[in-house]
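Protein chains in written order, with the working numbering: chain A, 2 to 332; chain B, 552 to 910.
Simulated from the structure, these hints should not be mistaken for laboratory data. Here the structure is a predicted model, which is why all the values come from computation and not from measurement. Incorrect hints may have been included.
[Said to hold, decoys possible] Examples of chain B residues lying across from chain A (beta carbon under 10 Å, computed):
#  : residue
1  : Ser699
2  : Glu704
3  : Gly708
4  : Val710
5  : Ile716
6  : Glu718
7  : Ile748
8  : Ile777
9  : Gln783
10 : Val785
11 : Tyr800
12 : Val804
13 : Ala808
Every residue, glycine too, gets a C-beta built ideally from N, C-alpha and C.
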Amino acid sequence: SSGINAEWPLRPGKDIFSVANVPIDWEERDIYPILHPDGKTTIPEDAVASIDKNKIGLKGPMRTAIGKGHVSMNLTIRRTFGLYANVRPAKSVPGVTTPYSDSGVNCVIVRENTEGEYSGIEHTVVPGVVQSVKLITREASQNVAEYAFKYAVDNGRQNVVALHKANVMKMSDGMFLECCREVAKKYPNIGYREMYLDSACLKIVNDPNQFDVMVMPNLYGDIFSDLTAGLIGGLGLAPSGNMGKDGIAIFEAVHGTADDLTDRNAGNPTALLMSALMMLRHMELGSYADKIEKATLETIQEGKIVTGDIGGTATNPEYTAEICRKIREGS
Amino acid sequence: AVVSTQSGHYGRGSMANVPIKPGTKYGGKTTVTLIPGDGVGPEIAESVTTIFRHMSVPIQFETISLNKDNLKDEGAFDAAITSLQRNGVGLKGVLNRSGDFRTHNLELRGNLDMYANVVRCKSIQGVGTRHEGIDLIAIRENTEGEYSGLEHESVSGVVESLKVITEEKSLRIAKFAFDYALEHNRNKVTCIHKANIMKLSDGLFKRCCEEVSKLYPSITFDSQIIDNTCQQLVINPQQFDVMVMPNLYGNLVSNLAAGLVGGAGLVPSKSYGEDIAVFEPGARHTWMEMKGMYVANPIAMVLSSAFMLKHLALHDYGDRIISAIEKVLVKGECRTRDIGGNSTTREMTRAILDEIDVA
Chain A
2 SSGINAEWPL RPGKDIFSVA NVPIDWEERD IYPILHPDGK TTIPEDAVAS
52 IDKNKIGLKG PMRTAIGKGH VSMNLTIRRT FGLYANVRPA KSVPGVTTPY
102 SDSGVNCVIV RENTEGEYSG IEHTVVPGVV QSVKLITREA SQNVAEYAFK
152 YAVDNGRQNV VALHKANVMK MSDGMFLECC REVAKKYPNI GYREMYLDSA
202 CLKIVNDPNQ FDVMVMPNLY GDIFSDLTAG LIGGLGLAPS GNMGKDGIAI
252 FEAVHGTADD LTDRNAGNPT ALLMSALMML RHMELGSYAD KIEKATLETI
302 QEGKIVTGDI GGTATNPEYT AEICRKIREG S
Chain B
552 AVVSTQSGHY GRGSMANVPI KPGTKYGGKT TVTLIPGDGV GPEIAESVTT
602 IFRHMSVPIQ FETISLNKDN LKDEGAFDAA ITSLQRNGVG LKGVLNRSGD
652 FRTHNLELRG NLDMYANVVR CKSIQGVGTR HEGIDLIAIR ENTEGEYSGL
702 EHESVSGVVE SLKVITEEKS LRIAKFAFDY ALEHNRNKVT CIHKANIMKL
752 SDGLFKRCCE EVSKLYPSIT FDSQIIDNTC QQLVINPQQF DVMVMPNLYG
802 NLVSNLAAGL VGGAGLVPSK SYGEDIAVFE PGARHTWMEM KGMYVANPIA
852 MVLSSAFMLK HLALHDYGDR IISAIEKVLV KGECRTRDIG GNSTTREMTR
902 AILDEIDVA
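Taking the hints into account, I'd like the entire structure generated from these sequences.
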């Protein structure tokens, strides 16, 4: 499988995997924007070839500058590999106490990741009037709905709820909902319902338990998955996976590059580690994932050797070393 | 002149910078438009009329019905618009959101140019929630943005939906937010946006807020990306003061924040146009399945009516209602379903009246 852009959170993943004897070889590739004369942005050929060949990837965080004039790197990657469904589970972590630990959170957001409000199509109509285009297509909506239900079945989940604002955006969100309904019919054993996005915001902060798998267009998914990450303790703990065409799957942490962290060793690599575990399970190497997850959760729960963002004083390498130690002792 | 009365939990209720029209007055009573709406709307509106009658509040309601049965009736809708334009003040329950036509909510706002929606979410004594010490004000541009209603299917299976941001309306809502902050002694205004992705539209909104902020040096200004805001709201909501944002983000943030302080049953809101003010529950949900059962919490609606009274300079009546509600919540004996009890709408109304009587 491929590893891309070996930034600070990736090192722990590789170290831990090697201690756990995970049967994976890493092929490392760098990803950076290549700006073409026609204005298009692409990523290096060798990175594309590597992923096309291996299908599975683990990616470090990348930054998007505001107002720099080029298309976001993350968007470019998504388009290059046809990454159409972004999967963000949010599960309460034992040992990380939030106001929502009592109820426990265990939901999954499946976010359409190719279109919607992120079409990048904006123009100034007249000075002082700007239009931004949100694009919803039947095809993309069907694809993400299919994945959501498939995910529910593969992972033993009960319900899928579609979040929308079809009262306001009747045609676009309306079509999204139609596609969800069509797909739902093919999965009679999975419960399906629809909820206004604002109602969902209101309800999830009161009773997160009522939410299982959720499917929604791009922007809502982006916002809502940050919300759910907050419920379990923040982006430092949130994993994600991106499903693409031809069986491509790229896993990454939700968080950004954390440029504000002056000390690189202070960063919490857990989110990327969790993403790596998602990857292992996707590759049906679940037993390795369980072993690593157990060591990680125990370390967090003990609370003695954890990073600053979850209340500890350990550095990234110290935290990683402790997880490795537990794995060695456990096996 | 700035009207200045303190009233416990909520402080001053009137917005001095919105010109208060003399309003329609007959025989000493001010006429106000009342639109109970759909679902539980009529039930919570009944709480208001009951309380007003009991207190002999000098308000005459002009009641207009807007619900899913007369969605297509232009006459009913025009009557609502005319009434609101004439009276300049309205009290609204909850209007139905589904159906084929552009919803009543959107049409009303558009027609009357009700551009500013203000939802104050404050932790309430007596209502246990996961977070304490919240006191934020969500100010939402309510006429453009994602709610333009401009959609078309360019080819079969491909829909384009337009989000419109204008400099004029962005400057207007920014100015409103800073004026509001000044008026209510708030320290900080945060612009919520997604300009990293929507560079032109949200970029324009953010720039307008920045421009306006320079006119108010005594107020701190910063900005935050909407996804981070939602996360911050569930981790550390106490950091927020006044927030100003375009339509959709305002919708999400005000619902989220309302949920944090106790839910749709408790949070009132105020909506302003150039010379019109409408008061209604902050999170607009009809709760259709409970219609007719009288289980809804009337507090959001009754508080909205109290703020309406203060807007009309009827401070004594307004303050007494607010104070009574605070006492009911602190006592905790009467609680509707949404806040953990099983009292009915009418029992809650009775409890509020009892507190008014003994005060």
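Status of each hint after checking the structure:
no. : hint   : result
1   : Ser699 : holds, 9 Å
2   : Glu704 : holds, 6 Å
3   : Gly708 : holds, 4 Å
4   : Val710 : holds, 5 Å
5   : Ile716 : holds, 5 Å
6   : Glu718 : holds, 4 Å
7   : Ile748 : holds, 6 Å
8   : Ile777 : holds, 6 Å
9   : Gln783 : holds, 7 Å
10  : Val785 : holds, 4 Å
11  : Tyr800 : holds, 8 Å
12  : Val804 : holds, 8 Å
13  : Ala808 : holds, 9 Å
Consistency with the previously given hints is maintained throughout, with no hint failing.
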